[in-house]
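Chemist: Order-wise, the sequence lines are chains A and B.
For the first sequence, our numbering gives the first residue as 1, with consecutive numbering after it.
For the second sequence, our numbering gives the first residue as 1001, with consecutive numbering after it.
Think of the hints as simulated: they come from the structure by calculation, not from any bench.
Where hints are given, some of them may not hold.
Partial pick of chain A residues on the chain B-facing surface, computed with a CB cut under 10 Å [to be verified]: (1) R10; (2) F11; (3) M281; (4) S284; (5) K285; (6) Q286; (7) V382; (8) R384.
From a predicted model like this one, the values you see are computed outputs, not experimental measurements.
Beta carbons are placed, not taken as given, at the ideal position from N, Cα and C, and that holds for glycine.
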Amino acid sequence: MRLACSIAIRFLKSGKGQTILIALGIAIGVSVQIFIGLLITGLQQSLIDKTIGRSPQITVTAKEDGKTIPDAGALAAKIQGYGDEIVAAEPASDGSAFLSFSDKTDPILFRGMDLAASDQILRIGEGIYEGRLPNADDEILVGKDLAEKLALSSGDTVKIAIPYGTEKEYKVSGLYDLKVASINSSWIIGTLSATQAFFDYGSGVTSIGIKVKTPFEADNTATKLSSYIGDGNLTFTDWKTQNEQLLSGLNGQSISSIMIQVFVLVSVVLGIASVLAITVMQKSKQVGILKAMGITDRISSLVFLFQGLFLGLLGAVLGVLLGVGLCVMFVTFARNPDGTALIAISVDYGFIALSAGIAVLAAIVASLIPARKSSQLNPIEVIRNG
Amino acid sequence: MAEIVRLQNINKIYGDKIRTQVLFDINLSFEEGTFNSIIGASGSGKSTLLNILGTLDQPTTGDILIRGVRTSDMKRKQIARFRNETIGFIFQFHYLLPEFTALENVLMPTRIQNGKVTDAEKARAKELLDVVGLSGVMNNLSVNMSGGQQQRAAIARALMNRPPIILADEPTGNLDSVSTESIYKLLRQVNRETGTTFIVITHDSRIAEKADRIVEIKDGRIGLDLKN
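Same shape as in the complex, but just chain B (with noise of 0.2 Å):
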């Protein structure tokens, strides 16, 4: 299978008196359409990772390659139109813009895209929003939704410009068991049905081994690699 984001010796230094160094030497790449799973305790650095990946943060040395092409050559205004195009977020605190609906927030990446929505976009976030069972709240406010309906319109939001990649940070973190179960159900399907490559970060061990790979972070340096 191809090879679609690749990791160079990525270092990542934060402060400038004090430098504390999260990650060292990571050399990682991640084939295209596979469902990964990063491991690791808190502080070992993998959101870190993850938000370079995302090209959200830049690491202090080391060149990020997504499909080929090297994210620390873009200007500013590129890598954001990369981002909305190429990289879905569902991030652990869910994230939705509370002053809109749960259909305006999964709206939100095609009207970033084109400026305007399409009646065939339109009808594609209501049937994500189905998919992901919220059609029935779909134009309440986030704020008025409970956690794991604003965390299910988060993943339907993410999956709205059909982007090839999906990053997630602890996408069930604060989520009860049943809930976790069937949005990691729900992760899974899109990722068999649609080919998009999920790279998940998670606590849960019952998550974590039903990926096709398993990479675990270690004091910054990866400790294991493991291919199901």
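If we strip away everything but chain A, and leave its shape as in the complex, we get (with noise of 0.2 Å):
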């Protein structure tokens, strides 16, 4: 074994040419295969932040059209109690209404919800950029676009209205930016009790939006928990039944993810292959002698084996280096034009372990055909021929 192993690395050093360019070549497999798993999963978690990143992954509401889910206070924390799986539950009553401000007026969701007690979903609070959280009933939040179009800014007093029905006064408290055009130019925020009492709820509300630690177990967690809670009058949605098709375009994207990768590591397994029988072709002089000195064809091959070894540990070890840092690169250079990284990759340790662990595996595979050859090698071959 030790032999063997010694023997390898002669070689190997002899040949530091050919050793350092069947490296690198590892390597660029290793870092291509980093940098675009990375890249891809980065991608995939920035959009379906952007997509469902702010709005809740399970909803409850009510089974009728219209009615209200009574006692909220109670079921939320119920399903609090469900276990883990849930990170919030919150409770909030929203409604269609009309809000003027001088003599423009436009449609909105009045939105309530209990802000002091839990803002995990919407995360109102990261967004306002001007002004304050809402704290009294006659104070609400504006969006940015709807602020500008306007020409809104915090401490204003608007008219909310209903057609032929309530209409109140708010003051705007702050205005706030969530980078969602669709909510900043129609969502109003304000108390979970302003909205109960101005739609006229009750102390009822209109929907519990669930936060989930997994979010690709949604569908699943919402079969179970409308199961746990066991009340027929309730309705749990998932956001991926909502979202079929951008779920359906993720999958594609990784499916060609993992095509990249999958051709990338047969293109690194053939170079290595080749590359190794070609050496074991170089080295058959020196085959020929260990065996004719008594070398097994055990010993012989293994010499091979480790040849793969070390090859692929080294370009494992490049690849890395040269992987994590395109991913460096990519996230320091292409930039939005607000200079926020325009994808963010998150290193993913177990990613890369497993890249590199299937680069030195793969490299092993390669280096069993000229093993093979190694061991079968006659030294009279080599003996007769000079």
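Need the complex rebuilt from these two chains, each delivered in its own frame; the hints are there to steer you.
Modeler: Below is the structure:
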């Protein structure tokens, strides 16, 4: 074993140029794999974040149209009690209305939430760029797009009305920007009790939004949660059923990314196998001499397996450095006009280790053919042919 | 003296479609501790005979007995071990491992045998290199040595595991006459001091004449068998 190992190292050292070339080949394969893998994951993550990041992954509503959920506080607490999978359960009550300021009127969604207790889904607090959260029933937040359209600023007083119904004046306590135009231009955020009173819901809410730990399990969690709560008057809707098109797009992307990675892997394996096969030819004289001196077939094949292993290790280390370097460069140089990264790539150590591991394994597999050749080599062929 | 190697009815045929018979019914044995030379024209089959003797090649029919053991009964792994412990080879084209130094080359048979090298074995390798006059270049890679130096290193390597038999195929074939003389003297000295059996193929009549026995191979058969 040690002999095979030291002969392998000596062979690799004696052909430094060739060794570096193969290791670079493996390294480029590994780095492409890491870069593409992390990029696609980052891309999907940011896409999902942008699409569903600020909306609940499961929404509980009353089964019957127009009805509200009574006793929302107790229900939210019960949902929280389901287990660790539930990150947050936030009751909200909303309804459509019109907002008027000076002489302009716009349709809006007036949404009331218990902002002081929990703001983990919409994270409106993070989006406030002027003023503060509403802390009284007559205060509201207005989105950036609507505020610009109506030339509003915090401190102004606006009127919210339902046609042929309630009409009330509110003070703008602050402006928010959630980077989502549809929310920014139509959502008016107030306290829970403000909307309950405005829409005459009493103590009921229109929905309970739930944030879960693993968004991609939301459909299963919704089913389980529904039977856990066991209330026939409620409907549990998950984001996956509502975003099937997005999901199939992401799925296609994942598959194409895996395809690319598999082909990179195949080309790396073929490259190593062919170069190592040539090495056996180059070293056949040495293998023949060693066999004449009494080296066993097993050790002579181990020499080439070790060469594969060392090349794989060297290539994997270089590849990880190169791949992470590429990611860092991408994050540093590919930027939005506002200076934020185009795609946030997060370093997934597990994935990097997996890519490196696969490369080492591939190198060993690729060295099986030359190892077999070396094992079968008959010393007489070398001795006879000089 | 005891018999160390015996060849029984050895035939060797190359090729399947066009069959070329190289050796015809060879019966030959060598005694322990002797210095034997094999001569013959090129293509006469003497190298094939030596390779069969050294278990590197297999006869088409016939048996080789080395110290009474039939080599055709052995598995590949056993043969490898047997070769390592029993036979030292010296080839015409030196055949040192170019990736290793002279000292490492000499130590290789020991490493193959035990997997590691003890200090005593290292000292022996240095001593052997000293005997063949290479102590000055023992840390040179073999590619950085002259032909004569490489051949002498190969001799030291063949002696390393103290094999009872040394097979040499024109060990001085491409060396000048001064080197030839000194290498022959060295082989003869080892033969006398350690009782190692030598079977040496040579073209050089001066060397052949000094051997204990001369066997001439002619067209795949034994032509002459002279004992001095």
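Chemist: Which of the listed hints are broken here?
Modeler: 3, 4
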